[in-house]
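Protein chains: 2
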Amino acid sequence: MQEEPEHRDDCPFCEGNETQTPPEVYALRDGSEPNRPGWKVRVVPNKFAALSLSARWEVKRPEVFTTISGYGSHEVIIETPQHNQTLATLPTEQVQLVLQAVLQRMRTLAQDHRIAFVQVFRNHGAAAGTSLIHPHSQLIATPIVPTNIREEIEEARRFYDDRVTCVYCYMLAQEMESGERMVFSTDHYAVFAPFASRFPFELMILPRQHSASFVAEAREEQIAALADVLRRTLLLLYRAANNPDYNAVLHTAPLRDSCMDYYHWHIEIVPRLTTPAGFELGSGIFITTAIPEETAAYLREQLQQLSL
Amino acid sequence: MQEEPEHRDDCPFCEGNETQTPPEVYALRDGSEPNRPGWKVRVVPNKFAALSLSARWEVKRPEVFTTISGYGSHEVIIETPQHNQTLATLPTEQVQLVLQAVLQRMRTLAQDHRIAFVQVFRNHGAAAGTSLIHPHSQLIATPIVPTNIREEIEEARRFYDDRVTCVYCYMLAQEMESGERMVFSTDHYAVFAPFASRFPFELMILPRQHSASFVAEAREEQIAALADVLRRTLLLLYRAANNPDYNAVLHTAPLRDSCMDYYHWHIEIVPRLTTPAGFELGSGIFITTAIPEETAAYLREQLQQLSL
Chain A
1 MQEEPEHRDD CPFCEGNETQ TPPEVYALRD GSEPNRPGWK VRVVPNKFAA
51 LSLSARWEVK RPEVFTTISG YGSHEVIIET PQHNQTLATL PTEQVQLVLQ
101 AVLQRMRTLA QDHRIAFVQV FRNHGAAAGT SLIHPHSQLI ATPIVPTNIR
151 EEIEEARRFY DDRVTCVYCY MLAQEMESGE RMVFSTDHYA VFAPFASRFP
201 FELMILPRQH SASFVAEARE EQIAALADVL RRTLLLLYRA ANNPDYNAVL
251 HTAPLRDSCM DYYHWHIEIV PRLTTPAGFE LGSGIFITTA IPEETAAYLR
301 EQLQQLSL
Chain B
1 MQEEPEHRDD CPFCEGNETQ TPPEVYALRD GSEPNRPGWK VRVVPNKFAA
51 LSLSARWEVK RPEVFTTISG YGSHEVIIET PQHNQTLATL PTEQVQLVLQ
101 AVLQRMRTLA QDHRIAFVQV FRNHGAAAGT SLIHPHSQLI ATPIVPTNIR
151 EEIEEARRFY DDRVTCVYCY MLAQEMESGE RMVFSTDHYA VFAPFASRFP
201 FELMILPRQH SASFVAEARE EQIAALADVL RRTLLLLYRA ANNPDYNAVL
251 HTAPLRDSCM DYYHWHIEIV PRLTTPAGFE LGSGIFITTA IPEETAAYLR
301 EQLQQLSL
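Listed in order, the protein sequences are those of chains A and B. For the first sequence, position 184 (counting from the first letter as 1) is numbered 184 according to this note's numbering, and the numbering increases by one without interruption. For the second sequence, position 134 (counting from the first letter as 1) is numbered 134 according to this note's numbering, and the numbering increases by one without interruption.
Don't read these hints as lab results, they were simulated from the structure. Hints are not guaranteed to be accurate.
Each pair may be met inside one copy or between any two copies, as identical chains are not told apart.
With a straight-line cut-off of 25 Å between C-alpha atoms, the simulated DMTMM-like cross-links for lysine to aspartate or glutamate are [said to hold, decoys possible]:
1) Lys40 x Glu154
2) Lys47 x Asp161
3) Lys47 x Glu6
4) Lys40 x Glu4
5) Lys47 x Glu4
6) Lys60 x Glu155
7) Lys60 x Asp257
8) Lys40 x Glu220
9) Lys40 x Asp30
10) Lys60 x Glu294
Just need the whole structure built from these sequences, with the hints factored in.
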């Protein structure tokens, strides 16, 4: 990271190279013109987009082989004009602007009734599947609710039907009480190593107050608090685990499903220090070499030492 | 591959180094003593086993955090004494011996009523998560039915309830008829690129006759036919796709579930030419850069040219 310059002429996400990307769909600017320098955060369609809002809407069902046309959107959130930073090393205010940009795009896309879900994610490093170093996140707006989210919601609903409480709220209460997998918590958020961690250093950021949808619930004050917690969590990983490659994924309710009582939005951060192989692929069971309780204890200690 | 010697003194899976592994649980030998040279296929517990048959059987349910002790088995099937081969380059007779060894172990483990499922898989190459070059497969016998298999079965059952036919048989009929994703087929097996391929060069090997369980159904004649098909499929990938890293996974019915009518055992082969990132992790939806119809056409052509 340190060896990269602050600006590169050949990086499409660097300031001054705005013509190297498709035209922006959103930007935080102080009066400067679109697709010109002078932005703080910039959102552009992915040049190699998986989905597009200009695709024709079409569903085909020839027997079992249902296909749906590539309607949707695949966007890149360029998090800073500075090439050699990462979300962990940016000031909290900048992280807050990134979250605001994400929220704006999600709210805009939510107005399209054909969009069912917006997946927001961040790939950091080659092992996490990114090819561009310049700090960025991505969002993919899909016309269907993805399998993984659907299953998560189904399980949460089943738990609610049995116990009349949100499974995440329930889990949070236990994590807060035992503290053994807790890394840190603030008034608004808890950061902990999940009980059934799949990967070494896997972490979850969970709002302490019940809320199903990031889009529907996130207020200004909460976004500021989340920016601080997200930055600190990533900086802790950056320092205590030697800048690991990772994927961070926002899990939130589908745009048009009423699962307000039993689902709970959260962020999953999964460092890529190990390679899932045939067993994980086939079974969905993950073998990890790290004990979450030990990981949490180590991170708590580092948090103190580094005074983050 | 070509640069590796046929034998390495420091490889625990090479002939003559039998003391470098835990004692064997099974071997195909012509009268030679256990844990000595003179074997054709050898099965040993994994030195870094995820599960063990000597673990205490224990289930704990402190509220939502259920744990189960590491009861089960994690075994390595050493496929040949020769260090510098791979399953693709071995003679069919040797592949058949490997399949027989797998079958034997599955049948033995099936007698333990605490074992619910046996996952058989092969990791080829570093990107597929293997650390040892010497050709080997693995099996993990689990006390629970893995999530992915459970979901596959649930979906298959739902399809059967609606249509009164096995979804795999139904899919096979369509694939055989259209032929556009078919790579090749024999009297007993069909090899094709799945309609919803997640990865470039993903392939499925499906028995043409309905059969839920590999363990229950595989007869001698069928095993010989499968050995030939598996070897040819892997050799085709090896030659036509330049020896890609891959995971191969056997999907078969749980040992004690009666899903005979609606489940159908098969082998999934997933080359690791791309890295699943945040989107795949979060959504369960896979973006692939290859069109299965084009992959199949290319492989059919290569199959002809290479006369495999």
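Evaluated hints:
no.: 1; hint: Lys40 x Glu154; verdict: neither (39 Å within a copy, 48 Å between copies)
no.: 2; hint: Lys47 x Asp161; verdict: neither (44 Å within a copy, 44 Å between copies)
no.: 3; hint: Lys47 x Glu6; verdict: within (23 Å within a copy, 47 Å between copies)
no.: 4; hint: Lys40 x Glu4; verdict: within (20 Å within a copy, 53 Å between copies)
no.: 5; hint: Lys47 x Glu4; verdict: within (23 Å within a copy, 42 Å between copies)
no.: 6; hint: Lys60 x Glu155; verdict: between (29 Å within a copy, 20 Å between copies)
no.: 7; hint: Lys60 x Asp257; verdict: within (24 Å within a copy, 35 Å between copies)
no.: 8; hint: Lys40 x Glu220; verdict: within (18 Å within a copy, 67 Å between copies)
no.: 9; hint: Lys40 x Asp30; verdict: within (9 Å within a copy, 73 Å between copies)
no.: 10; hint: Lys60 x Glu294; verdict: between (50 Å within a copy, 20 Å between copies)
Violated hints, in rising order: 1 and 2; the structure is consistent with all others.
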